[in-house]
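Next come the chains, spelled out residue by residue.
Protein chains: 2
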Amino acid sequence: MSVLVLGTVGLDTIKTPFGSRKDILGGSASHFSMAARHFTDVHLSAVIGEDFSPSRIDFFRKKGIGTSSLYKDKGSTFRWKGEYKGSMNCAITLNTALGVLADFKPQLTEKERGIKYIFLANTDPDIQFALLGKLRSPRLVALDSMNYWISNKRSSLLRVLQRVDIFVANEEEARSLTGEANLLKAAKSLRSFGPETILIKKGEHGSFLYSGKFMICLPAFLVEKVVDPTGAGDTFAGGFMGYLAKAGKINQEVLKKAIAYGTVAASFNVEDFGVDRTAALTAGDLRKRMALFGRMVCFDGAKNNHKSVFFA
Amino acid sequence: MSVLVLGTVGLDTIKTPFGSRKDILGGSASHFSMAARHFTDVHLSAVIGEDFSPSRIDFFRKKGIGTSSLYKDKGSTFRWKGEYKGSMNCAITLNTALGVLADFKPQLTEKERGIKYIFLANTDPDIQFALLGKLRSPRLVALDSMNYWISNKRSSLLRVLQRVDIFVANEEEARSLTGEANLLKAAKSLRSFGPETILIKKGEHGSFLYSGKFMICLPAFLVEKVVDPTGAGDTFAGGFMGYLAKAGKINQEVLKKAIAYGTVAASFNVEDFGVDRTAALTAGDLRKRMALFGRMVCFDGAKNNHKSVFFA
Numbered sequence: 001m002s003v004l005v006l007g008t009v010g011l012d013t014i015k016t017p018f019g020s021r022k023d024i025l026g027g028s029a030s031h032f033s034m035a036a037r038h039f040t041d042v043h044l045s046a047v048i049g050e051d052f053s054p055s056r057i058d059f060f061r062k063k064g065i066g067t068s069s070l071y072k073d074k075g076s077t078f079r080w081k082g083e084y085k086g087s088m089n090c091a092i093t094l095n096t097a098l099g100v101l102a103d104f105k106p107q108l109t110e111k112e113r114g115i116k117y118i119f120l121a122n123t124d125p126d127i128q129f130a131l132l133g134k135l136r137s138p139r140l141v142a143l144d145s146m147n148y149w150i151s152n153k154r155s156s157l158l159r160v161l162q163r164v165d166i167f168v169a170n171e172e173e174a175r176s177l178t179g180e181a182n183l184l185k186a187a188k189s190l191r192s193f194g195p196e197t198i199l200i201k202k203g204e205h206g207s208f209l210y211s212g213k214f215m216i217c218l219p220a221f222l223v224e225k226v227v228d229p230t231g232a233g234d235t236f237a238g239g240f241m242g243y244l245a246k247a248g249k250i251n252q253e254v255l256k257k258a259i260a261y262g263t264v265a266a267s268f269n270v271e272d273f274g275v276d277r278t279a280a281l282t283a284g285d286l287r288k289r290m291a292l293f294g295r296m297v298c299f300d301g302a303k304n305n306h307k308s309v310f311f312a
Numbered sequence: 313m314s315v316l317v318l319g320t321v322g323l324d325t326i327k328t329p330f331g332s333r334k335d336i337l338g339g340s341a342s343h344f345s346m347a348a349r350h351f352t353d354v355h356l357s358a359v360i361g362e363d364f365s366p367s368r369i370d371f372f373r374k375k376g377i378g379t380s381s382l383y384k385d386k387g388s389t390f391r392w393k394g395e396y397k398g399s400m401n402c403a404i405t406l407n408t409a410l411g412v413l414a415d416f417k418p419q420l421t422e423k424e425r426g427i428k429y430i431f432l433a434n435t436d437p438d439i440q441f442a443l444l445g446k447l448r449s450p451r452l453v454a455l456d457s458m459n460y461w462i463s464n465k466r467s468s469l470l471r472v473l474q475r476v477d478i479f480v481a482n483e484e485e486a487r488s489l490t491g492e493a494n495l496l497k498a499a500k501s502l503r504s505f506g507p508e509t510i511l512i513k514k515g516e517h518g519s520f521l522y523s524g525k526f527m528i529c530l531p532a533f534l535v536e537k538v539v540d541p542t543g544a545g546d547t548f549a550g551g552f553m554g555y556l557a558k559a560g561k562i563n564q565e566v567l568k569k570a571i572a573y574g575t576v577a578a579s580f581n582v583e584d585f586g587v588d589r590t591a592a593l594t595a596g597d598l599r600k601r602m603a604l605f606g607r608m609v610c611f612d613g614a615k616n617n618h619k620s621v622f623f624a
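These protein sequence lines map, in sequence, to chains A and B. Just so it is clear: in the first sequence, position 49 is 49 by the numbering used here, and no numbers are missing. Just so it is clear: in the second sequence, position 6 is 318 by the numbering used here, and no numbers are missing.
Incorrect hints may appear among the rest.
[Stated by the list, open to error] Looking from chain A toward chain B, a few residues come up when the C-beta cut is under 7 Å (computed):
1. 91
2. 178
3. 184
4. 219
5. 253
6. 256
[As the list claims (entries may be wrong)] Stretch by stretch, here's where chain B covers chain A in the computed footprint (C-beta under 8 Å, at least three residues):
7. 205-217
8. 289-299
[Stated by the list, open to error] A partial selection of chain B residues facing chain A, derived with a Cβ cut-off under 8 Å:
9. 493
10. 527
11. 535
12. 562
13. 597
If you're looking for bench data, these hints aren't it; they were derived computationally from the structure. Backbone N, C-alpha and C define an ideal beta-carbon position, used for all residues, glycine too.
Looking at chain A on its own, in the form it has when it is part of the complex (with noise of 0.2 Å):
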């Protein structure tokens, strides 16, 4: 099953302590599609300017994503400038410039329109309600947003959460918009707006999903080079979604797998700027990181019997 991703393609000025880079590949529908390609086929669903490189555009189609809707608008390609610092557990912005991305009315293929694995990237709630306007009928839709659409368009983003499947929020996103401050209650409640499963991002403390009837939890994958932190959450989304596109089938196992590959694949965009990481990635690395996640996190025994010899 193909996936299909509405987000931004842009371009980032990034500083961390590791060094800097200027007008590199960046944006949610990017870091995405990266890591959703190696289990299926990506369609981007996003606008760039007349400033952004045709050789660019050629970058995705040889990574076999999908740029039949990546529209080019008049304008300047969506930027954005941030630096990390210490434990660079956070950006901090230094200028965003919408650009294109100020105007951008998503349009499809009529063959996108049939996709039915569906991932709206953080972007204004009206522009993710406008895009499920146009699928025929989609099977699964995930939706990630930010504190500032929960905070100046929060019944936008209500209304467009009545139509989603999962939704992907970080901590303080599901705690500012439940006002709860446990996590788990804050899930719960989540649910109410109408996802039938949330996904909690915790970054470096990894992630973890509630359903109605199945909680799975996992750590993130510890890397030592931590070079920049930018798009780790959408490389998780991307592998995510590609797992379960690919799988066919949401189930508990599968949902846990499909965190699994996520968390495996956003442990390997954070140790390099931009997308260099995740787009020079083999079949073989992200296999071999996630047997190593495997033995990590998966103890004896925890599948099958656990009547312990230690039990009576």
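Let chain A serve as the given structure and place chain B on it in line with the hints.
For chain B alone, kept in the frame of chain A given last:
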């Protein structure tokens, strides 16, 4: 194999958003032993004052916890008064009264001197060192400390660390002792102080273990009902050490399961004040939650076949 814990037995006065308690049983050794007792014999090395009621000593004995070296001294029992607010992630200490703890010199019975599994809970590193001198041939020594000793008795701490196998530290302690912001780098660096294995506690975010050869990473077991987090770290250590002592061998699989048991034990501890929940815990409670935890973190095929159908 039996476990010996050097730590505190004290009286806690605690206020949380869910209520308050005065002079309830607390202290690192109390919390530790309530978890470890499910796996093996536990012996306390701690001091209490004349005001410590005999019924509380009986309480330990009825739980099968060895009190031969729970020494009663002239003076008052160690008391701690604290409060938790908001997300309850860290305690606000309102008062600490050392009492008999100030002059504590641990003594062991001849039989206890032969115990092989030792947990040195957070206390003065000189006292920790003195206890090690009384042991005939410990097989596994784990040590917990705190920032106070790192700042004020660094050389004493470094001396005892040279004789420790597993250093249990929280994130801040690991960072402050090594000067490394990246936790994985910090864990690697901590090994240079002597301990072969480093176990980093991240509270509600779980824990990870680093040895020279492998890593283990597990999330916390999330609960909705966090009433009082006091002693969660010591309860975690109790489940961890108790399982290791029972298993009688050390390898990646055993350590992983030990951390899982510690995690599950800690998740019960926070559900009520003091040791109320862990004292009432049954083997069945632990077993059920371990099974649930396994289903939350262990993904399909993680242990065995990683030649996923998704990669050619």
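Comparing the hints with the structure gives:
1. 91: Violated, about 16 Å.
2. 178: With Cβ-Cβ at 13 Å, over 7 Å, it is violated.
3. 184: holds (5 Å)
4. 219: At 4 Å from the nearest chain B Cβ, residue 219(A) passes the 7 Å test, so the hint holds.
5. 253: holds (5 Å)
6. 256: Holds: closest Cβ of chain B sits about 4 Å from residue 256(A), inside 7 Å.
7. 205-217: holds (count 7)
8. 289-299: holds (count 9)
9. 493: holds (5 Å)
10. 527: Nearest chain A Cβ about 5 Å off; hint holds.
11. 535: Because about 7 Å separates residue 535(B) from the closest Cβ in chain A, which is inside the 8 Å limit, the hint holds.
12. 562: This hint is violated: residue 562(B) lies away from chain A, its Cβ roughly 14 Å from the closest one there, beyond 8 Å.
13. 597: violated (10 Å)
When the structure is compared with the earlier hints, violations turn up for hints 1, 2, 12, 13 and for no others.
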